[in-house]
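**Student:** Spelled out, the chains give:
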Amino acid sequence: MAFINIQNLTYQYPTSKAPVLKNINLQIEQGEFVAIVGPNGAGKSTLCYALSGFVPHFFKGELSGSIEVAGRQSSQSTLSEWVLNVGLAFQNPFNQISGAKYTVFEEVAFGLENMGVPRTEMQVRVEAALQLTGIADLAQRSPYSLSGGQQQRVALTSILVMRPKLLVLDEPTSQLDPIGAREVFNTIRNMAKDGTTIVLVEHKVEWIANFADRVVALKAGQVLLEGKPSEALTSDLLAEQGFGLSRYTSTAREAKKQGLWKKDTLPVTLDEAVEGFKQ
Amino acid sequence: MYVARASGLHQLHPLTKVLTALCLLIAGLTLPGNWTSYCITLLIVFPLSAWGKVFPNLLHIVWIVSLPFAISVLLIQSLFWGAGTPIFEFWLFAPKVEGARYALISLGKIILVMSSFLLFSLTTRPDALMIALKQAGMPSSIAYIIVTTLQIVPSFQRKGATILDAQRSRGLETEGNLWVRARALVPIVLPLALGSLMEVEERAIAIEARAFNSHKAETSLIEIPDTQFQKNFRTVTLVAMPLLMIFGILWRL
Ligand SMILES: Nc1ncnc2c1ncn2[C@@H]1O[C@H](COP(=O)(O)OP(=O)(O)OP(=O)(O)O)[C@@H](O)[C@H]1O
Ligand SMILES: [Mg+2]
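Chains A and B, in that order, are what the protein sequence lines are.
Using the numbering used here, the first residue of the first sequence is number 1, and each one after it goes up by one.
Using the numbering used here, the first residue of the second sequence is number 1, and each one after it goes up by one.
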């Protein structure tokens, strides 16, 4: 039995006229790192909300089909129980700051306070989490005094300190510079290695190619394609459907037409492109 | 709004400060005498804020906020006061002494409300207040709303400034005569209001994701020191507040 099991999931927000997710079937194993790609409005964020319980518990609306994580059905659980297993961080870091805390250290501890973790254990866990995401130096700063990228790391840290079994991340590095993004991806990758399951929405496909195990491509609320990053992200289907893919892929695809790209597979990252063109 | 300082006032239990501020405020508004609120502000609130090493901060904010208010109230009350002794006469205008007096009295009340609120909010960490409120038995959602509301004012200011810059760089005129400024307000206030509506939903999701509604017994990272003396003092203020109000009402009958 897969760790995450989504069956025939169809969902419509109370105010939307047509389903936003249509008959989605998805199985994800424990410790797998899955990236979701898709154009704007494809339903990526909605799928994240469905995994993290906010659809339908928070947004209401009409849901059919089933969502199972770690052997539990979302429909049989309350949101407050569900969030203890499934962590969610999303794009806008400013809105993820609790607003009730004075320093980053305390901000990160907020979730643990709510979970009732004893004070000494809380201190140890917050420190470890800050180390893990590389923001130990920000511990005593006010969360409001930070840059967008730094706030994004605080938001991520605040969730992973709660040690969810499934970590759902909706564009968590949008405001980070490439060095910061790489660090965050490394952190997430290591967490997956240690058994945390990761579902990540990300536009920068080169990061996905470097770090993720699998890609799920969504369009208009449906799963268009899923597979290994190197295959899915270079597929003709996604290129035809107007997905934002790597410029190295499109360059090599053009080059291939003119006989300049000799390999069978197309590159996603710069390194792969360089290597391929050398041949 | 909190200003970190090493002071005795900062170290007091948050509820001690909230109740003291409330008590001073009620005393100023209900006790007889037109100038009572000025007396309480000058003789109690200001010295206390000096003890808390935040007197300049407090004065600065009170000054900025009350100045436009003071000017408009003075103008309106003195110019449109019916019968009375004119201070001077000029064409249609004849400001009255009684009007100006009335304006000063109301201004004193506003200043007291502001400075007693600032006295506690400048010296109390919002998170400490939240924990204290919860320990006193307040439901966490209400404590959270109170505390974040206190935080919203500065965050609104910051965002207002950001939007202002953005609109200016798009060529919006924000300086000039009154009409120009009034017109400029719309593209600044509108995004602020709409933005915060959408924010509410995201904020709710974010804190829910951090187990805010889990029904477990909460713990807290920081400890809030309290003393028996402060506990007794708070009981006194709790008794004093309704008494002050009753006294104020009876006096006016
Ligand atoms: N709260 C809501 N109420 C009603 N409709 C919504 C709501 N949130 C999203 N939608 C609609 O659902 C559809 C999918 O939105 P969603 O935010 O899941 O897309 P997305 O793939 O995350 O897009 P983006 O790349 O822009 O983040 C869109 O048509 C959107 O208008
Ligand atoms: Mg989205």
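Be aware that a few hints might be false.
Distance condition first, Cα-Cα at most 30 Å in a straight line; then the derived DSSO-like pairs of lysine-lysine [unchecked claim]:
no. : chain 1 : residue 1 : chain 2 : residue 2
1   : A       : 60        : B       : 53
2   : A       : 22        : A       : 204
3   : A       : 165       : B       : 216
4   : A       : 228       : A       : 262
5   : A       : 165       : A       : 256
6   : A       : 262       : A       : 278
Think of the hints as simulated: they come from the structure by calculation, not from any bench.
Bear in mind that the values here come from a model prediction, so they are computed numbers and not experimental data.
**Student:** Hint by hint, note whether the structure agrees.
**Tutor:** Evaluation of the provided hints:
{"no.": "1", "hint": "A:60 with B:53", "result": "violated (50 Å)"}
{"no.": "2", "hint": "A:22 with A:204", "result": "holds (25 Å)"}
{"no.": "3", "hint": "A:165 with B:216", "result": "holds (19 Å)"}
{"no.": "4", "hint": "A:228 with A:262", "result": "holds (21 Å)"}
{"no.": "5", "hint": "A:165 with A:256", "result": "violated (43 Å)"}
{"no.": "6", "hint": "A:262 with A:278", "result": "holds (10 Å)"}
Hints 1 and 5 from the list above are not met by this structure, while the remaining hints are.
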